[in-house]
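*Asks:* In order, the protein sequences belong to chains F and V.
Taking the numbering used here, the leading residue of the first sequence gets 1, the next gets one more, and so forth.
Taking the numbering used here, the leading residue of the second sequence gets 214, the next gets one more, and so forth.
The hints are simulated quantities; they were obtained by calculation from the structure and are not laboratory data.
The reader is advised that the hints may include incorrect statements.
To give an idea of the chain V side of the interface with chain F (calculated C-beta under 10 Å), a few residues [stated by the list, open to error]:
#	residue
1	Gln268
2	Glu270
3	Thr272
4	Leu284
5	Ala285
6	Pro288
7	Ser292
8	Arg322
9	Phe336
10	Met377
11	Val394
12	Asp395
13	Ala396
14	Tyr426
Note that beta-carbon positions come from the ideal geometry of N, C-alpha and C, so glycine has one too.
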Amino acid sequence: MEKVMLIDGQRPDVTGGAGTLDIRLAAQERLSLVLLVLPAGEEEVTLPIRVMMDGEGADFQLNALCICGKKEKVSVKVHLEHLVPGASSRQLIRCVAGGESRVSFDGLIKVLPGAQRTEAFQTSNNILLSERAKVSTQPQLEIYADDVKCSHGATTGTLDEDEQYYMRSRGITLEQARLLQLRSFVWPVLAAVSDEQLRGRLDDRVRQALSRL
Amino acid sequence: MKPLLEIHGLHARVAGNEILKGIDLAIGEGEIHAVMGPNGAGKSTLSAVLTGKPQYEVTEGSVRFKGQDLLAMSPEERSWAGIFLSFQYPVEIPGVSITNFLKTALACRRKAQGLPELAPAEFLALRKEKMALVQMKPEFVKRDVNVGFSGGEKKRNEIFQMAMLDPDLSILDETDSGLDVDALRIVAEGVNRLHTPQKSTIVITHYQRLLDYIVPDYVHILKDGRIVRTAGRELVAQIEEKGYESF
Numbered sequence: 001m002e003k004v005m006l007i008d009g010q011r012p013d014v015t016g017g018a019g020t021l022d023i024r025l026a027a028q029e030r031l032s033l034v035l036l037v038l039p040a041g042e043e044e045v046t047l048p049i050r051v052m053m054d055g056e057g058a059d060f061q062l063n064a065l066c067i068c069g070k071k072e073k074v075s076v077k078v079h080l081e082h083l084v085p086g087a088s089s090r091q092l093i094r095c096v097a098g099g100e101s102r103v104s105f106d107g108l109i110k111v112l113p114g115a116q117r118t119e120a121f122q123t124s125n126n127i128l129l130s131e132r133a134k135v136s137t138q139p140q141l142e143i144y145a146d147d148v149k150c151s152h153g154a155t156t157g158t159l160d161e162d163e164q165y166y167m168r169s170r171g172i173t174l175e176q177a178r179l180l181q182l183r184s185f186v187w188p189v190l191a192a193v194s195d196e197q198l199r200g201r202l203d204d205r206v207r208q209a210l211s212r213l
Numbered sequence: 214m215k216p217l218l219e220i221h222g223l224h225a226r227v228a229g230n231e232i233l234k235g236i237d238l239a240i241g242e243g244e245i246h247a248v249m250g251p252n253g254a255g256k257s258t259l260s261a262v263l264t265g266k267p268q269y270e271v272t273e274g275s276v277r278f279k280g281q282d283l284l285a286m287s288p289e290e291r292s293w294a295g296i297f298l299s300f301q302y303p304v305e306i307p308g309v310s311i312t313n314f315l316k317t318a319l320a321c322r323r324k325a326q327g328l329p330e331l332a333p334a335e336f337l338a339l340r341k342e343k344m345a346l347v348q349m350k351p352e353f354v355k356r357d358v359n360v361g362f363s364g365g366e367k368k369r370n371e372i373f374q375m376a377m378l379d380p381d382l383s384i385l386d387e388t389d390s391g392l393d394v395d396a397l398r399i400v401a402e403g404v405n406r407l408h409t410p411q412k413s414t415i416v417i418t419h420y421q422r423l424l425d426y427i428v429p430d431y432v433h434i435l436k437d438g439r440i441v442r443t444a445g446r447e448l449v450a451q452i453e454e455k456g457y458e459s460f
């Protein structure tokens, strides 16, 4: 199954008032969750996500994107537990933070005793567009089984000047070069949306958000 | 010969190190110049300075392109003026197709020149014509810029971009590095097809082999930031025989 959630000025809460997004996957259940956080300006967005990998062969994919350029405060917390053997999870979280925005990502992966053959991966990449923006990432792994493949990684950086130079040498203005770089950065998240029409519509929204930065 | 590019007493440094120590070079319309030299001589620095790479600081000298002060222009302005650099290490841009990339490049240039964007049909016709010129398969332009490309594909993509942008001065920076013989020939044939009596080329290379295909009118030896010898194409054989030591 595939789920796409868009959090923006009109839809600040996707949990239906519950406050937490609760997900439990049984044996052989597969879920691809695409989460786009595109706040409009000054709001605070807090999104706790709890995922229980509770059946063999279950698979969870999270692709999340957050674009902030003003004074937003966004906090995404993913708490993911592998309770049983033989399930897999992969998380990709990408944030673009400009203006005076504050973005935090806390990701805990917990592999419980006996949850052998678990595969759990988490990657968090962030781009800072201004010196006043702040991104904090706290990836955490707690592993209580020995036959598992798990990794997490986090990077925070700025837009690459060599890439910009390459594009500018082709006559692309610095402004357009930055847009292409940002588009390139957010692309893997959008690519996880399999419905082409839906992806196109979301792509438009993402473009708008990027061009406001 | 009408001068297209005139370099006078060019000194440049990067990260505090002086790399170019007084370069004089004039390129006329229609000419092909080879700049050869050992590693660390300043060959790539020269191409970086001519195209306005950040972090490279010109400390002395002047460069005029079509009579204009080139050094006062941004990298994109230099491109609009008609300069193109084929990169030694082309950059990968995931999520951006070659088509989208080139559309953006052409749109930026046309906007700067006060022209409207090309109509989709015009763009497609241009793309088709230039793809044929460098023998590219149609599916190639749908791929993301340089992502997962082999060395040969990257260089071919550079030449395709060169064909699309139709520059007056092309600088080929170590275009032969990492290419096998077949890829080298395809790339060189593309460059030769694009050459006209009005267009000029600077071929920066370490070795003779690219110059077997792209035949220069002039050969310059760059060593320790200076051009130490300029001659005709016969100089290539001398370098191959004696190495750079003796110059």
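*Asks:* Of the numbered hints stated earlier in the document, which are not met by this structure?
*Replies:* Structure breaks hints 2, 3, 4, 5, 9, 11, 12, 13 and 14.
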